[in-house]
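Number of protein chains: 2
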Amino acid sequence: MRLERRRYGSHPVRLAGEPPMNDWDDDLPFGLPFTLEEYEQRIARTKAAMAEAGIDLLMVTSPENIYWLTGYRTTGYYVYQIFLLPLDGTPQFVTSKLEHECVRALSWIKTGLTVFMGEDEVAKTLEGFDATEARIERIGYEERGFWLPPRILDAVRGRWGNTATVAAGHVLEDLRRIKSPAEISCLREAARIASVGMRAGLQAVAPGRTENEVAGDVYQALMAEGGEHPAGGPYVVTGPRAAITHMLPERAVIEPGHAVYFEVGGCYKRYSGSNMRMAHVGPPGNEAAHRAATSIEALDAMLETIKPGATSQDIDRAGRSVMARGGTTEEFRHRAGYSMGVAFAPGWGEGLVNDIAEGNERPLEPGMAFHLVPMAGFRGEGNMGFSETVLVSTDGCEVLTDVPRELHIVSAG
Amino acid sequence: MRLERRRYGSHPVRLAGEPPMNDWDDDLPFGLPFTLEEYEQRIARTKAAMAEAGIDLLMVTSPENIYWLTGYRTTGYYVYQIFLLPLDGTPQFVTSKLEHECVRALSWIKTGLTVFMGEDEVAKTLEGFDATEARIERIGYEERGFWLPPRILDAVRGRWGNTATVAAGHVLEDLRRIKSPAEISCLREAARIASVGMRAGLQAVAPGRTENEVAGDVYQALMAEGGEHPAGGPYVVTGPRAAITHMLPERAVIEPGHAVYFEVGGCYKRYSGSNMRMAHVGPPGNEAAHRAATSIEALDAMLETIKPGATSQDIDRAGRSVMARGGTTEEFRHRAGYSMGVAFAPGWGEGLVNDIAEGNERPLEPGMAFHLVPMAGFRGEGNMGFSETVLVSTDGCEVLTDVPRELHIVSAG
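Just so you know, the sequences run in chain order D and W. Quick note on numbering: the first sequence equals residues 9 to 421 in the working numbering. Quick note on numbering: the second sequence equals residues 9 to 421 in the working numbering.
With the rest of the complex left out, here is chain D (with noise of 0.2 Å):
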């Protein structure tokens, strides 16, 4: 499929550190993050893709797979939106009106329809497949997503038949799982601006300042170094508290003798980046001292592990291992790692695309990228764990994120 150039309006918009819109190419969509031709190469992979699955028309309602397949993004996707790509015949993009100077402006998108106030998007997207001028006899969805509503999968099926549609979440999930080197790039910059907003963070801690005050420290920062609104967090949370997990602020002061849990994401054309850090507010005890260790020296073992051909199960147990060795096991509940990329909010991981957990014999290959997160939950207590951002190159893995890699002792006077 070729795509179409075209631009924006007749403005000009200098974005900084790039060069003024005027003096890019004028035919270039307003905002495409990358150029067309990895446009052309991305659907072209996912049309192979479709076609070994048997598939014909793919309905793609993430806002990752849309944002992957076509530069579109939006915070509006609270509100109904598919992307129908056929193997053969005209894409269409079925979306609320609201949206349409979006499209128009932020991705090589040109057919489709929109849904006003009062019009039945069931009724809209019926019509957006036959839009697409395709062959429809197996229909591709996003069998584990959240954002494909029970009531247009029902009325696609009520049309071509149960039997129809068939689960395709993986044909997107495998395409997105190797990262281009435009995708690496941003990856970079994601992980330098997360970089930056943990240190931040970091020195904002005393005692006596909310858990609130640190993240709006934590989130200037990293605006200000250029960083997007992020996917998720930052998180900041401190003392007993930060045990329970993904808890976000909400305004518990930083005592003496707290520690205090950091997950900072960096966000950088919608690709993240996360770095998860320590700051102790006096002197540790033993036991968070020790804590600390084993968390840090869980995420080396990971690091030394990571390499083409080792499977992911085989880095879960590398720092499972060392956890429990360190008399951590029962809490730390989780995957120790899951694949970055493209993400919106509430999360992001890619959780669907890659994980790093035990029953995943999946080989990691150059160009893959995890957020490794060897941290534990102690009930009443707190947490601890850090965590780095990392891309696996062809002979080991190359770490994104930079922030010393030890507890951050503050003063508790």
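Hints are computed from structural coordinates only; laboratory data are not their basis. All values derive from a computational prediction rather than experimental measurement.
Since the list gives no way to pick out one identical chain from another, each pair is judged satisfied if it fits inside one copy or across any two copies.
Restricting the straight-line Cα-Cα distance to at most 20 Å, the calculated cross-link-like pairs of lysine to any residue (SDA-like) are:
hint: 1; residue 1: Lys105; residue 2: Leu256
hint: 2; residue 1: Lys105; residue 2: Thr337
hint: 3; residue 1: Lys118; residue 2: Ile51
hint: 4; residue 1: Lys105; residue 2: Glu339
hint: 5; residue 1: Lys105; residue 2: Gly388
hint: 6; residue 1: Lys105; residue 2: Phe386
hint: 7; residue 1: Lys105; residue 2: Ala332
hint: 8; residue 1: Lys118; residue 2: Arg387
hint: 9; residue 1: Lys105; residue 2: Gly367
hint: 10; residue 1: Lys55; residue 2: Glu45
hint: 11; residue 1: Lys105; residue 2: Arg387
Model the placement of chain W on the given structure of chain D, informed by the hints.
Relative to the frame of chain D, chain W by itself:
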């Protein structure tokens, strides 16, 4: 249903502006947002609505509905979770093992099943159904929502039959529409925080700064004021880019002559208040001034029309007719407002709960809350919009956000 009291861990945690944890009722759950009595009432009303609709068991999957019913919150809703509420029987929560502490510490839920790496979440869900020990003939699900993966609904239908599952999104949407006094307190605080963030943003505008730098200042102000990570934004978009709806900061530089679009949401106990304002770098031309005056006049017209008994459609028409008189028709391409209440990313609106829109003839009632958004995008030029978060009162409405309703002029020098 009587809920049991209990507490989390043994360590006191001090929350800013609230009494220290160890002064609270020791048996309260650690981080329950409201009193147990509030939740008992919500559950009783939900069960009454289920009985009315002939539903034996409700599959609750959206993070907002789960939070509203149980107090449970996590950023981990990118992983599958489901709360099963039987009419008669034991509620069950099925979630990732990682979330176990979160459930225990933040909600009244005591019964459920966790899914660990490699375990089958479909099978665990069906186990959860069994664990309710309820009679299960008619099962309600959220047909318009995003959070029920197709393979879960397929498995439920596979076991109980296609006709056993019934569209039931309305059960909780109806109940969430009118806010309790405790919820209204949270909306007030969220709107106050949003206003502080907006003032900080308007003050931070200067030519040469990037959208991202200004958004960083907004976020810092929101958090320093005690706000939580907002469900969306902050939106800061400058010049022609602002015509692209739902655009977040992407490093564009603020230039003399730009109108800068702000939409800032505050968050308190996951309740949201929001407001839109505009800054202009240098004196606005006649057209920008006219567009600003039109949006403000439309907002005023809506505020004057709101009262119990008026319909949502009446309010939309009041705003839309002013916009049309001002020359803005096609550019105002969305509903004129939406319900505000509980929200998790990606959006702070309760779109499924209630809209201010043509075709919605539902009468307004005291305790409803809305974000009124007469905003328009002008291709290649930018946008213009002013908004407020309001509460329907017994004889009109109360505006909860509090920033001067005017175009904020910034020196271009």
